[in-house]
Amino acid sequence: MVVTYTASEMMTVAAARALDNNDICFVGIGLPSAACNLARLTHAPQLTLVYESGTLETKPQVLPLSIGDGELCETALSTVPVPEMFQYWLQGGRITVGFLGGAQVDRYGNLNSTVIGNYARPTVRLPGSGGATEIATGCRRIYIVMRHGARAFVEKLDFLTSLGHGPTGRERRALGLQTEGPTLIVTDLCTMRPNPETNEFEVVTLHPGVSPAQVREHTGWAVRFHRDVEETLPPQPDELSALRDLLQRTARAHGSAATE
Amino acid sequence: MPEFLSLAAAVSRFVRPGDRVALEGFTHLIPFAAGHEIIRQGLTDLTLIRMTPDLIYDQMIGGGCARKLVFSWGGNPGVGSLHRLRDAVERGWPRPLELEEHSHSAMAHAYAAGAAGMPCAIFRGYLGSDLPRVNPAIQSIVCPFTGETLAAVAALRPDVSIIHAQRADRRGNVLITGIVGVQKEAVLAAARAIVTVEEIVDDLETGGTNAIVLPSWTVHAIAVAPGGARPSYAHGYYQRDNAFYTEWDAIARDRDRFRRWVDDEVMRVGGGAAGAAWS
Numbered sequence: 001m002v003v004t005y006t007a008s009e010m011m012t013v014a015a016a017r018a019l020d021n022n023d024i025c026f027v028g029i030g031l032p033s034a035a036c037n038l039a040r041l042t043h044a045p046q047l048t049l050v051y052e053s054g055t056l057e058t059k060p061q062v063l064p065l066s067i068g069d070g071e072l073c074e075t076a077l078s079t080v081p082v083p084e085m086f087q088y089w090l091q092g093g094r095i096t097v098g099f100l101g102g103a104q105v106d107r108y109g110n111l112n113s114t115v116i117g118n119y120a121r122p123t124v125r126l127p128g129s130g131g132a133t134e135i136a137t138g139c140r141r142i143y144i145v146m147r148h149g150a151r152a153f154v155e156k157l158d159f160l161t162s163l164g165h166g167p168t169g170r171e172r173r174a175l176g177l178q179t180e181g182p183t184l185i186v187t188d189l190c191t192m193r194p195n196p197e198t199n200e201f202e203v204v205t206l207h208p209g210v211s212p213a214q215v216r217e218h219t220g221w222a223v224r225f226h227r228d229v230e231e232t233l234p235p236q237p238d239e240l241s242a243l244r245d246l247l248q249r250t251a252r253a254h255g256s257a258a259t260e
Numbered sequence: 261m262p263e264f265l266s267l268a269a270a271v272s273r274f275v276r277p278g279d280r281v282a283l284e285g286f287t288h289l290i291p292f293a294a295g296h297e298i299i300r301q302g303l304t305d306l307t308l309i310r311m312t313p314d315l316i317y318d319q320m321i322g323g324g325c326a327r328k329l330v331f332s333w334g335g336n337p338g339v340g341s342l343h344r345l346r347d348a349v350e351r352g353w354p355r356p357l358e359l360e361e362h363s364h365s366a367m368a369h370a371y372a373a374g375a376a377g378m379p380c381a382i383f384r385g386y387l388g389s390d391l392p393r394v395n396p397a398i399q400s401i402v403c404p405f406t407g408e409t410l411a412a413v414a415a416l417r418p419d420v421s422i423i424h425a426q427r428a429d430r431r432g433n434v435l436i437t438g439i440v441g442v443q444k445e446a447v448l449a450a451a452r453a454i455v456t457v458e459e460i461v462d463d464l465e466t467g468g469t470n471a472i473v474l475p476s477w478t479v480h481a482i483a484v485a486p487g488g489a490r491p492s493y494a495h496g497y498y499q500r501d502n503a504f505y506t507e508w509d510a511i512a513r514d515r516d517r518f519r520r521w522v523d524d525e526v527m528r529v530g531g532g533a534a535g536a537a538w539s
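Protein chains in written order, with my numbering: chain A, 1 to 260; chain B, 261 to 539.
Simulated from the structure, these hints should not be mistaken for lab results.
Some hints could be false.
[To be verified] Chain B stretches covered by chain A per the calculated footprint, using a threshold of three residues with CB under 8 Å from any CB of chain A:
id : segment
1  : 284–295
2  : 299–305
3  : 388–400
4  : 423–430
5  : 449–458
The structure presented is a predicted model; accordingly, all values stated were derived computationally and were not measured.
Every residue gets a Cβ at the ideal spot worked out from N, C-alpha and C, and that includes glycine.
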């Protein structure tokens, strides 16, 4: 039997696989939330999820629509005030993985979620940092999940909201940061890891059926490929059924609003 | 001891044009009824402070209440943009909006500093970000003990903070449960505080975990506003109206449709019935 799946499912599954039982994960809404909960429902049942609304060790049955859904609080071990969340838990260095995305990412994993165009007179005013700026520096490492596209994977960011490895790939150490920064980008086409020498993200696995040319076409910089690019393991039946069940439960709970 | 007032009386008594106003509630317990009362009373020139402007500030910005916005994440959660906020920033409608933009961590620390009576908040933040380049309110300070350079922002000290809570007792003590957000800090940081509640009870019944109680002497006015957080939610009372958050996208995209919505759902609703607009 041929298992069919969408690019979006491949992306979510690939992101979920990067998490393990020892992780304490700061979760954002959308794809990260789907990936983190999929990991918890499959290979990493002990995975600890933390949402910035203050919910510690939450185990939602359905994906939340907002970062502060009641479901997150009701299924949490404890819920703390938002200042405490950012002070003791994030700044205190207790989070192993932060998931981030944005409107733009560059080759060093720096992210823009603030504006397209000039800051004072933007073409598009985006939502802004939210927790991202300090998640990017406070978590031990960062996973980035974004759909591939030349307008999103850019040569130069319009605005640097959240630090990756910095504009030249070498800024974290100069800023005194002990955390690793972004170590993985998962897209609907491939997965990427930073080159150990330069911190430039390069393609390490291509999702089944995706060609290097496709990735080049959808990347705004001259993207590099790892010497031994492999094929991403396609979504397995148990991963797909867990993900689809989760999304169906979510759709039933929220109506048509649930997308990821 | 706070005064027990109608919502209209509480807003007219404690909110003045030009005030720095914080309506807080982190997704949960957003004080929509109070925001609508501010629109109805035609209060303008406000500096609106809120971590997540959400639909409530989209409505107040589109309603012409705001001169300036202090914020850290300006989207419609799970849906997309806040179109009234974007129209004000991108095209100056209905009036230009000055932005003071932060991160969540900065605003959370700044509220806590305000509650603690400190002049500023110090934290490890904004490292490598462009935000300090565009926001002169973001400064840095060197730790005298370790030499580490830390971010510093002024404490948030609103003229008035407004929150919605599950209930108050007859002495005016206020209970908040569920996702408690930054409301305690916002109330304690402010010169004046208004709390709208679902109901007044004899006994707060604080037995549950995570309950926050604001003592009566930290609050200036309490107004009963059942459903006053809709389309946000009140844990234990009603759920978030996710469908309305989605519908809002189309309403707010179009200036005329937005104006009609304000006329129908805010201006023609009396203060006493505020919050019932979507029920």
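Tested hints:
Using a Cβ-Cβ cut-off of 8 Å, 3 residues of the segment 284–295 of chain B lie near chain A, which meets the minimum of three, so the contact claim holds. Beta-carbon proximity to chain A at under 8 Å applies to 0 residues in the segment 299–305 of chain B; the threshold of 3 is not reached and the given coverage is violated. With a threshold of 8 Å between beta carbons, the proposed coverage of the segment 388–400 of chain B by chain A holds, since 5 of its residues qualify and at least three are required. Only residues whose beta carbon comes within less than 8 Å of a beta carbon in chain A count, and the segment 423–430 of chain B has 0; fewer than three means the coverage is violated.
Here's how the segment 449–458 of chain B fares: 0 of its residues keep a CB closer than 8 Å to some CB of chain A, so the rule of at least three is not met and the hint is violated.
The structure shown violates the earlier hints numbered 2, 4, 5.
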